[in-house]
Every structure is written in C-alpha cells, then in structure tokens.
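Trainee: Since chain A is already given, all that's left is putting chain B on it; use the hints.
There are 2 protein chains.
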Amino acid sequence: MDIRELYKSYKELDGKTVEVQAWIKNLRAQKEFGFIEINDGSFFSSVQVVYDNTLENFERVSKLYLSASIRVKGKLVLTPNNKQAFEIKAEEIEVLGDSTADYPLQNKRHSMEFLRSIAHLRPRANLFRAAYRIRSLAAFAIHKFFNEQDFIYVHTPILTASDAEGAGEMFQVTTLDIDNPPRTEDGAVDYSKDFFDKPTHLTVSGQLEGETFAMAFSKIYTFGPTFRAENSNTTRHAAEFWMIEPEMAFMDNNQNMDVAEAMLKYVINYVMENAKEEIDFCNQFVDKGLIDRLNHVRNSNFERVTYTRAIEILKEHEEKFDVKVEWGMDLQTEHERYLTEQIFKKPIFVTDYPKDIKAFYMKLNPDNKTVAAMDCLVPGIGEIVGGSQREEDYAKLEKRINELGLDMDSYTWYMDLRKYGSVVHSGYGLGFERLIMYITGIENIRDVLPFPRTVHHCEF
Amino acid sequence: MDIRELYKSYKELDGKTVEVQAWIKNLRAQKEFGFIEINDGSFFSSVQVVYDNTLENFERVSKLYLSASIRVKGKLVLTPNNKQAFEIKAEEIEVLGDSTADYPLQNKRHSMEFLRSIAHLRPRANLFRAAYRIRSLAAFAIHKFFNEQDFIYVHTPILTASDAEGAGEMFQVTTLDIDNPPRTEDGAVDYSKDFFDKPTHLTVSGQLEGETFAMAFSKIYTFGPTFRAENSNTTRHAAEFWMIEPEMAFMDNNQNMDVAEAMLKYVINYVMENAKEEIDFCNQFVDKGLIDRLNHVRNSNFERVTYTRAIEILKEHEEKFDVKVEWGMDLQTEHERYLTEQIFKKPIFVTDYPKDIKAFYMKLNPDNKTVAAMDCLVPGIGEIVGGSQREEDYAKLEKRINELGLDMDSYTWYMDLRKYGSVVHSGYGLGFERLIMYITGIENIRDVLPFPRTVHHCEF
Numbered sequence: 292m293d294i295r296e297l298y299k300s301y302k303e304l305d306g307k308t309v310e311v312q313a314w315i316k317n318l319r320a321q322k323e324f325g326f327i328e329i330n331d332g333s334f335f336s337s338v339q340v341v342y343d344n345t346l347e348n349f350e351r352v353s354k355l356y357l358s359a360s361i362r363v364k365g366k367l368v369l370t371p372n373n374k375q376a377f378e379i380k381a382e383e384i385e386v387l388g389d390s391t392a393d394y395p396l397q398n399k400r401h402s403m404e405f406l407r408s409i410a411h412l413r414p415r416a417n418l419f420r421a422a423y424r425i426r427s428l429a430a431f432a433i434h435k436f437f438n439e440q441d442f443i444y445v446h447t448p449i450l451t452a453s454d455a456e457g458a459g460e461m462f463q464v465t466t467l468d469i470d471n472p473p474r475t476e477d478g479a480v481d482y483s484k485d486f487f488d489k490p491t492h493l494t495v496s497g498q499l500e501g502e503t504f505a506m507a508f509s510k511i512y513t514f515g516p517t518f519r520a521e522n523s524n525t526t527r528h529a530a531e532f533w534m535i536e537p538e539m540a541f542m543d544n545n546q547n548m549d550v551a552e553a554m555l556k557y558v559i560n561y562v563m564e565n566a567k568e569e570i571d572f573c574n575q576f577v578d579k580g581l582i583d584r585l586n587h588v589r590n591s592n593f594e595r596v597t598y599t600r601a602i603e604i605l606k607e608h609e610e611k612f613d614v615k616v617e618w619g620m621d622l623q624t625e626h627e628r629y630l631t632e633q634i635f636k637k638p639i640f641v642t643d644y645p646k647d648i649k650a651f652y653m654k655l656n657p658d659n660k661t662v663a664a665m666d667c668l669v670p671g672i673g674e675i676v677g678g679s680q681r682e683e684d685y686a687k688l689e690k691r692i693n694e695l696g697l698d699m700d701s702y703t704w705y706m707d708l709r710k711y712g713s714v715v716h717s718g719y720g721l722g723f724e725r726l727i728m729y730i731t732g733i734e735n736i737r738d739v740l741p742f743p744r745t746v747h748h749c750e751f
Numbered sequence: 292m293d294i295r296e297l298y299k300s301y302k303e304l305d306g307k308t309v310e311v312q313a314w315i316k317n318l319r320a321q322k323e324f325g326f327i328e329i330n331d332g333s334f335f336s337s338v339q340v341v342y343d344n345t346l347e348n349f350e351r352v353s354k355l356y357l358s359a360s361i362r363v364k365g366k367l368v369l370t371p372n373n374k375q376a377f378e379i380k381a382e383e384i385e386v387l388g389d390s391t392a393d394y395p396l397q398n399k400r401h402s403m404e405f406l407r408s409i410a411h412l413r414p415r416a417n418l419f420r421a422a423y424r425i426r427s428l429a430a431f432a433i434h435k436f437f438n439e440q441d442f443i444y445v446h447t448p449i450l451t452a453s454d455a456e457g458a459g460e461m462f463q464v465t466t467l468d469i470d471n472p473p474r475t476e477d478g479a480v481d482y483s484k485d486f487f488d489k490p491t492h493l494t495v496s497g498q499l500e501g502e503t504f505a506m507a508f509s510k511i512y513t514f515g516p517t518f519r520a521e522n523s524n525t526t527r528h529a530a531e532f533w534m535i536e537p538e539m540a541f542m543d544n545n546q547n548m549d550v551a552e553a554m555l556k557y558v559i560n561y562v563m564e565n566a567k568e569e570i571d572f573c574n575q576f577v578d579k580g581l582i583d584r585l586n587h588v589r590n591s592n593f594e595r596v597t598y599t600r601a602i603e604i605l606k607e608h609e610e611k612f613d614v615k616v617e618w619g620m621d622l623q624t625e626h627e628r629y630l631t632e633q634i635f636k637k638p639i640f641v642t643d644y645p646k647d648i649k650a651f652y653m654k655l656n657p658d659n660k661t662v663a664a665m666d667c668l669v670p671g672i673g674e675i676v677g678g679s680q681r682e683e684d685y686a687k688l689e690k691r692i693n694e695l696g697l698d699m700d701s702y703t704w705y706m707d708l709r710k711y712g713s714v715v716h717s718g719y720g721l722g723f724e725r726l727i728m729y730i731t732g733i734e735n736i737r738d739v740l741p742f743p744r745t746v747h748h749c750e751f
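Those protein sequences? They're chains A and B, same order as listed. In terms of the numbering used here, the first sequence opens at residue 292 and continues consecutively. In terms of the numbering used here, the second sequence opens at residue 292 and continues consecutively.
For reference, chain A alone in the conformation it holds in the complex:
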C-alpha cells in the first residue's frame, strides 16, 4: 500500500495491519521507543512509524541512516491529538537498503546552489517534491484543457534545417567530426557529409510547423522542449525549456486571448485542487503571498489594454522607471510589472504592439503601424504568454518578409498556407517553466527544471 492510499483511507484502516515500503525522512530513537518518519513520494506528507526500541529485532533499525529504505508492517492507529492523523505501530521492519552517514541531503537548511549540485538527490527534498509534483500536474492540466476542447496535440520537430522564426540563438546539431570536418574542394565544411546533408539546429519554436496543422485540424497545440543558445546567465533563462504553443484557425486575436486566459485559470485551478499540500508548503516556505495571488488570478477578469494606451499610462509615471518610456520601445520588465501590479492590480493583456518590435508573421493592423499581438502580464512575474493573430494575407506577408530581408526560399511552405485556403488564425506561446515559477513562487528557473541546462552547465 502506498502512503497516498493510507492518507486517503486511514479512517477505515484504524486498527488494521498495513504494510508500507518507503524511505526514512527522519529517525529519533529514544530509550523505549523509536520514531521514524517515512515517505515513498506518493504523497507529500510523511507517515510516522513507532517501534519498541527495547526489542532485539529492532536493534538494527535505530542505527539506520537518513534515506535508508525499509518495509514496515504494523497496526495503523488514529492519533487525533497529534499533528498527523495516524501512525503505524511497527510489528516488523525490514531493511531494504541502508544509507550512509555522509548522505548529502541531511535535514538542515542547504543552499540552493548546493542542492543544484546534487540534482540527482534533490527530488527527495520537500521543496523539490512540491515543485516537481506541481510541474507534473500542471503538464497534465494543460493536456486535459486542450483535449477537452478537441485540440490536436502535435509533436513539431526538434531538429530543424531553418532558423525560420529568428527567435533566438540556435544550437547546431551535427555528426561531423568537429576536430577534422570533411571539406569541399574550395575548403568549406562539406555539409553534404553531415547526417542530414545540410546544417541543422535545435528548434526555437514549433509555431510555423504548428500552423500547418492548424490549417488541417483548426485547433492544435504543441508541448515540447525548445532551445536557446543565449549566453544569459539569469534566473529566468535556460538553454533547454518546455513550451506550449496553441494555434487556432478561424480565431482572431481577441479569441486568442480568451483561450490563453481560460487556460491559465484552468491550470491554476487544477493544481490548487490536486496539490493542496504542495501549494500550502510553497505558500508557507517559498512565497507567503502565493495562495492569495493565485486566488486573485483565478477570480479576475484579465484586463485588455493596447500598447499605445499602456505607453500613455506609463508616461504619467515616468519618474518611476530606469528606462525612458516612448512609443515604439519594447516594454521592459519594470514597465510590465508596474502595469500589472500597480496600475491594474491584476493580469492584463497588452495588445497591438508596434510592428517593428514584433515578428514578421504577425497580423498588420489597419493603422499600418501596429500588429495584432498580445502579451499576457501577471503580477509578480511580468510576461507569461506572448502571441498574436497571424498575417493570413499572402501579399502582405510577402512584403513583410522582403522588408525584413528574410530569405523567401525558406518560407515557401509557410507561404503555401496563405495560398491554399488561407484563414484568420492566431496562436501564442507559453513558457512552461515560467508558469511553474508562477504557480510555486520559486524564483530561479534552475529549481523548477529537473536537470537544468544553462550556459556552462550540463550536468547529469
């Protein structure tokens, strides 16, 4: 029986013999009795096991090290006056695997840096048990949300021969011998000898491929790893992270925002309902305002404000900012947070950005200056979702690609979507780790990723 089951049905198990296999989280051996906290990871709370320390067959137990694995058989007894609702009075304790005195994850405060250096053990620590279970539930909630609305889940490719979106620096992927690559007659690297007969990279976005599926299924989403080879050593950037990218035919930018808002609320609701213990832990030890903040988001109607209006508002508070506010600028985190935290005091969508600071594929507005983009900003974190309506007009899209000097040949297939039955369509991207940081209050992206990959760091 696992500990989740014990917690689910301990009332019915009162007085019954139960058997559990788990790891030792804490052990106190007193003169007469020993107390062991055990956990098998199936439930956030541990179970207390009490054993008679005077009995010879428990002699070895008192000498076990932290994280040893044991099998316990004993009677479940309700303990209504204790912190925990029940305990197990041990009849048998079998040692499955002992641990050692130098087990690195002792019950004391460790620095986050140290814990990152033992990424293979840190999932056993409470903070990470909370973070990774919330991560798992949030991933499921996203799949469930889109499945209930008949979106098709598409595995867009990770390996790509084009830097089509230009969203960031890319990693190159190769089977050539870098020390001594094959060369053509004129001395260039001979990529016809590479695995794919040409240079290939890791994807920075599945959006463009996703659009091809939206033109067949109407509503699709991607959810997969994405890569940026950016040399930015911050608490919010990782070289490898997971992204969700829905794409919807027959939907404009307003409907796009409706979906994004519904999705965020759905995931937060799902996690709060299914990870109560973990959220309580984060609220207590990571971010004291967490539950209030999440409740606020669940119950708010997200505000929608144009970029142009947002700039006007920000100008009224110009003295607050390091970076001067001007129409045409990219909003900085300080501006984004001021808008969502101080002005609107709730999540907002900023829409209709200047075309020059947004990607080529975004739908040009009738003013010819702005595009039908939207960024969702939330208190405490800033941007969490970015998206837009896509330019569905062949001629306008062609013009924009040429204006920006992009290589039209790389976009033939993308242009085809505007040639064979083009329709209004929209989509957005959600950085999954940002969402988890938001839901847990954890401030460093390295601590919500199982094995973070950042510049200079690729361990395990």
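Check each hint, because a few of them may be wrong.
Identical chains blur together in the list; that is why a pair holds if it fits in one copy or across any two.
Each computed DMTMM-like pair below joins lysine to aspartate or glutamate, with the alpha-carbon atoms no more than 25 Å apart [what the hints assert, rightly or not]:
no. : residue 1 : residue 2
1   : Lys-567   : Glu-439
2   : Lys-636   : Glu-296
3   : Lys-710   : Glu-350
4   : Lys-380   : Glu-607
5   : Lys-710   : Glu-383
6   : Lys-579   : Asp-305
7   : Lys-316   : Glu-683
8   : Lys-567   : Glu-323
9   : Lys-646   : Asp-684
10  : Lys-710   : Glu-310
11  : Lys-489   : Glu-521
12  : Lys-687   : Glu-385
13  : Lys-710   : Glu-385
14  : Lys-374   : Asp-647
15  : Lys-687   : Asp-389
To be clear, the hints were calculated from the coordinates, so they are not data collected in a lab. Computed from a prediction, not measured in an experiment: that's the story for all the values here.
Mentor: Below, chain B without anything else, positioned relative to chain A:
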C-alpha cells in the same frame, strides 16, 4: 459552430440555421445545384453543403478551387436516406480564402513519397488526419493512464554531457564554429569554449535520469523526444522520435510487465472509443485486419515466456528461419514475429535474456547468466516495449560496469541511487511511433511523424 458539434447534435439542429467555417474537400457544380463537401478538421467526416447554382450571389462559389476556405450559413436538414445524416442548404457562402488550380493535394491517389514531400499540406488528407488525431489521442491516453495512477511526469533532459546508456549513435550539439573551432595549445578542439564548456549530445534515453526521480516519487514516467544518429534507412527508424519511459520503485520485473500490459490495453481502448471514425478508416484503407487485431490485444492475457524457453520453442521450428537459433543470440524480428504470431497467437513478454545481449543496468538473475529483462512482442510488428528490473545492488552494478569497461566516473550519480536507500525497481521504454504504427496499421514511421527526420532528410 464546428463540424464536431454539428455531428454531435444534428438531430436537435434539424431545420435550424447554422454557420460553419471550413475548407472545401470536394465541389461539384451541376446545372441547378452545387454540392460542396467541407471540413474544418474538428471531425473526421465532412459535411455536405448544397447551394442553388442558379443564384447570382453563388456564382463565384462554383469556381472555387479545392481547399479554399469558406464561411457557410444555412439551414441544417436531416437526410436519413443519404450516406451522411444531414446536410446544409446554403443561404450565404462567404469566400474567406481561395485556393489555386495547382493545389498539390488533389482528390486522387498520391504516392506516399509525394505526400512526404508536401508534409506541410498532407495533414489535410484523410489518411493523415486519421493518423495524427490517433497520435494525439494516444498521447493523451498515456498521460491519463499514468496520471490516474499518480505517476509523476518528468521532463528528463534532451541535452546531455554523457553517453551513459550507450543505446545508440548520438548527435553532437555545439555552438562552436565547425569551420574554424577554437583550439587548445596542443591543437585539440577547445571545448571549454563551447556553450556548456564540454562536448554535449542529444539524449538517447531518459531512463537513468528517470531513475533518480523514481527514488524520490516511487512512480514516474517520461514522455519526450529521443534521438539516434543511426544511418539506417528503414521503415521503422527515425533520427528523432518520441519515447515513454516509466520507472517504478518497489516493483519487480513481473509488476513491470503488469504495468506495460495495462498501459497498452488502456491506450488501445481509449483510441478505439474516441477515434471510431479514424480507426474505421484505417481498418478500411490501411489494414483490413486492424480492428480484429486490436480487439484481440484488448481481450488477451499477454503470455510470459522466458528467453530460454523461447529458444527451445524456436529450435523446434528451425527450418523456418534465415538466422540460426542458438541460446545467447539476440532474437531477430523473424523469431519475434514467429513466437507472437505463430506459436502464441497473441502478445507475449519474453523475459530473462542472456546478460551479454542486454544493458549493464539490468538486474542479474541468481543463475548469473540471465538478467530480469522483458520485451513485449505483438503480432504484426514484433517488439513494442523493452524493459527490465534494474540492478539495485551496489557491488553487483559496480562489477558489471567494470566488466564492460565503462567509465565509472560518468556513473557516480547513478551509483549514488544504490548507496542511499536502494530499492528494487523496474521500468521500460515504449517507442511512441511504433505504438501509433501498431494502432493505425501504417507501415512507415515517416507517415506517423508530423515532420519526419531520417538520414538525409530534415525538411520544413
């Protein structure tokens, strides 16, 4: 309203005005009436739209090309005597985006090779609409299966600095300039200048990292892309594919097989219940025996047979095989298929393989010759799942790593799992594309992947 909703509630909509946006799948304009089949991808079957070809405002409609997008407003009428249960009598037809005469996906038989060359358009063809919707549902079913049993979904890393499993050829990932890489004093490539300060590759398996999480949460699974740089141009190999890898603490190889069997049945049931139209299509046009085969799997108890016994059985039919049967050999596809198709006539697990043909981490049996491995073989395809109990004994695992001449330094963190509370644990891998091939009857892995990456091919 989307077409799925129309099919769900057409009886209640009889005589009512409905509005649909979709693409033209077929168009026949006769003297008095025009007939358009439209589909928006939300449902497998199309909807027939009838319009009065004598009316001036429909003049343009008859000249539309295949795949043009339109908005139709009209009255839904039940047609109990026709193949389709209802049709729409058009009152308004708005052209959203026309197509062209040379639209590549005309309504005729195309070769699979040609369709692969238009991978951005083929999701609009019936076969691929079936395949990709089944793929999406199967992915959801896998998440649902594990979620219902409280498994934690772990995103194991794609970028890795170790070739720990040695499961196959790897792709190198780099930000160095391959044409002119930085060199150390002694002329070697200076990887301290690479993004991660050392050579990195794309993962071939998340298992070892997955095990670290199983030691914290008991039951975990991965579901993500995996890479093999193998130069094998077959119908079953892709350079990029998706894999599911559950890992379970406190479970032996028998329980491992229980989970694998339950998972396969769960996914097949889920797809058959939720993609009836798509499965019917595959049964009719891809593989006539498909539904019988899937039903057989759902209703069979998978047989379990040791490798040693399987060899004995195969020897009795030695004349049937190209490759001679001997204890110690790796089973070939011909042997696997003979066992599951001819001998047992249902899915089987072959267990306890010779240690020398299996990976270093597999649990050594008391006979010292075999390991507690298991492969699941299914009729029509052969191996679909491969897994094992893992060696939890520190000394035995260490001995095996040394015997095989592997670099112990790379495994320090993996060995730690046997040092700090080791427990019996097991897991397996399921190639997701193989599963989709199995459920659809599609024979080439290129046709169940959205944008297949195979040797020499990385388009879109």
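Trainee: Please go over all the hints and tell whether each is borne out by the structure.
Mentor: Going down the list of hints, with the structure as the test:
1. Lys-567 to Glu-439: Both, since 23 Å and 17 Å are each at most 25 Å.
2. Lys-636 to Glu-296: neither (41 Å within a copy, 38 Å between copies)
3. Lys-710 to Glu-350: between (79 Å within a copy, 21 Å between copies)
4. Lys-380 to Glu-607: neither (67 Å within a copy, 56 Å between copies)
5. Lys-710 to Glu-383: Between copies, since 23 Å is at most 25 Å while 73 Å is not.
6. Lys-579 to Asp-305: Cα proximity of Lys-579 and Asp-305: none, with 35 Å in one copy and 56 Å across.
7. Lys-316 to Glu-683: between (58 Å within a copy, 20 Å between copies)
8. Lys-567 to Glu-323: So Lys-567 and Glu-323 fail the 25 Å test inside a copy (36 Å) and across (64 Å) alike.
9. Lys-646 to Asp-684: within (16 Å within a copy, 61 Å between copies)
10. Lys-710 to Glu-310: between (65 Å within a copy, 24 Å between copies)
11. Lys-489 to Glu-521: Result: close both inside a copy and across copies, 23 Å intra and 16 Å inter.
12. Lys-687 to Glu-385: Classified as between: cross-chain Cα gap 21 Å, same-chain 72 Å, threshold 25 Å.
13. Lys-710 to Glu-385: between (70 Å within a copy, 17 Å between copies)
14. Lys-374 to Asp-647: Neither way: Lys-374 and Asp-647 sit 59 Å apart in one copy and 52 Å across, limit 25 Å.
15. Lys-687 to Asp-389: Between copies only: 16 Å across, 68 Å inside.
Hints 2, 4, 6, 8, 14 from the earlier list are contradicted by this structure; the remaining hints agree with it.
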